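First to last, the protein sequences are chains A and B. In this text, residue positions in the first sequence follow the numbering used here: the first is 1, and each later residue adds one. In this text, residue positions in the second sequence follow the numbering used here: the first is 252, and each later residue adds one.
Please note that the accuracy of each hint is not assured.
[Claimed, not checked] Simulated crosslink set (PhoX-like; lysine-lysine; CA at most 20 Å straight-line):
1. K360(B) x K220(A)
2. K393(B) x K88(A)
3. K88(A) x K108(A)
4. K220(A) x K235(A)
5. K125(A) x K178(A)
6. K104(A) x K24(A)
For the record, the hints were derived by calculation from the structure and aren't laboratory data. Predicted, not measured: the structure shown is a model, and the values here were computed from it.
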Amino acid sequence: MYIQLVNLSILLLILATIKSANAKTKEYVFINIWDAYYQTTHMPKPQGKRIFLQPDINIDQASLEQFIDVHQEFANLTIDTNNQLTFKYQVRQTPTRVIVENGKVILKESLSTSPKITAYEMTNKQMATLSGKPLSISQIQHDYQVLFFSDSLCPFQHIPDCQQRIRQNNQLAINSPKNVLTIIKPFYADQASALSYKKRFDVNHHIVFDAQNQLFSHFKIRDLPYWIVQDATGKVVYRGNQVPKPHHLSL
Amino acid sequence: MKTLIFVLSILCLSAHAKQYAPIEAKALNEQTISTQGKITYLKFWATWCAYCVEEMPVLQQSYEDAKGAYQVISVNIGFNQTLEGVKRYLGKHNYNFPTVFDSDGIITKHYAVLGTPQHILIDAQGNEVYRSGLFTDQLAQKLAQLRGK
């Protein structure tokens, strides 16, 4: 009985020591979700409690949660608010892991990845609305009066007030939905993102995913969301990031 | 490689606008640039940022049009970037606006930049006059006003 108690104590002591050692070692893995969508990071065996961190650049909580939904292996990923640890450990590339033991960095290394894919891919596919209506620039100039250039990443920091402006555009389209076309930016997005945008914002007029960015280029759109109003001849009579006024429209 | 000297050590905040201490930094062409007493248009960017790259011709145009009305400083944020890659990119497109490679992220942090692209216009006293994610019509208007148009 006494020997059994001693053995149990030793076992508990060993377990406690292992637990304590692991608790003192933390492994921070810095990833960039926008890259991680398109590449696989080869994860080495953890050397402590693994904590995934997203540097605080081009990120918001909603995008982070969307990413985790798709990539459950990063379930504990959090934003490194104001890049506190990113600066502390001078992480300037992702993915990188930093192993910290008793507050001291014992290893900092870049992790290998598979090749990256660019932000958007060119395609020769015929431009069409999400409902399948084929489109060309001349047709757009002829068929639509209001062109609303938007971004399926909304809400996001580079497109302030986008939700409000999407609502304003939907309101504009209520009376004459056939005259309004929403055009979705292709950066970091795809046709599925455009469909999600349509559903999320309850858009009931035509939407086109501008896969080749040709409409944004043609109309020289730099700001988002943004309106172009054309007259019957396709001449631009208004352009701006504020909703067109009634006198711009004859809907 | 890059030197950054905070000429003033206090970051002042007013009720209306952020004020930033002036910075001095070495551009890729080895020229020392400073925001001290100068109206400055800063653009923070990266080569992997599709929105940033798309806007670059506008930045070049803003630089060419400035003619002393304001100075342009392009700040590559140095995150997931290499100095060689940035030089190669700028050379390939013949962009000649002054560019700083923010290798340690200090300038990006100084101006509280958490996204790219980021456009910041500061007056000669370092007050933030305007900030936006994209090159907006309002920014174009403010630059045009400075040029007297």
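Checklist entry - Would the pair K125(A) and K178(A) pass a check requiring their Cα atoms to be no farther apart than 20 Å? => result Roughly 23 Å between the alpha carbons, so the hint for K125(A) and K178(A) is violated.
Checklist entry - Taking 20 Å as the top limit, are the C-alpha atoms of K220(A) and K235(A) close enough? => result Within the cut-off at roughly 14 Å; holds.
Next on the checklist: So if I understand the rule, the pair passes when the alpha-carbon distance is 20 Å or less; does K88(A) with K108(A) pass?
Outcome noted: holds, 12 Å
Next on the checklist: Checking one constraint from the list: CA of K360(B) to CA of K220(A), max 20 Å. Satisfied?
Outcome noted: Violated: K360(B) and K220(A) sit about 31 Å apart, past 20 Å.
Checklist entry - Does K393(B) pair with K88(A) here, judged by a C-alpha cut-off of 20 Å? => result violated, 37 Å
Item to check | Given pair status - K24(A), K104(A), alpha carbons within 20 Å | outcome: holds, 10 Å
The structure does not agree with the numbered hints 1, 2, 5 stated previously, though it agrees with the rest.
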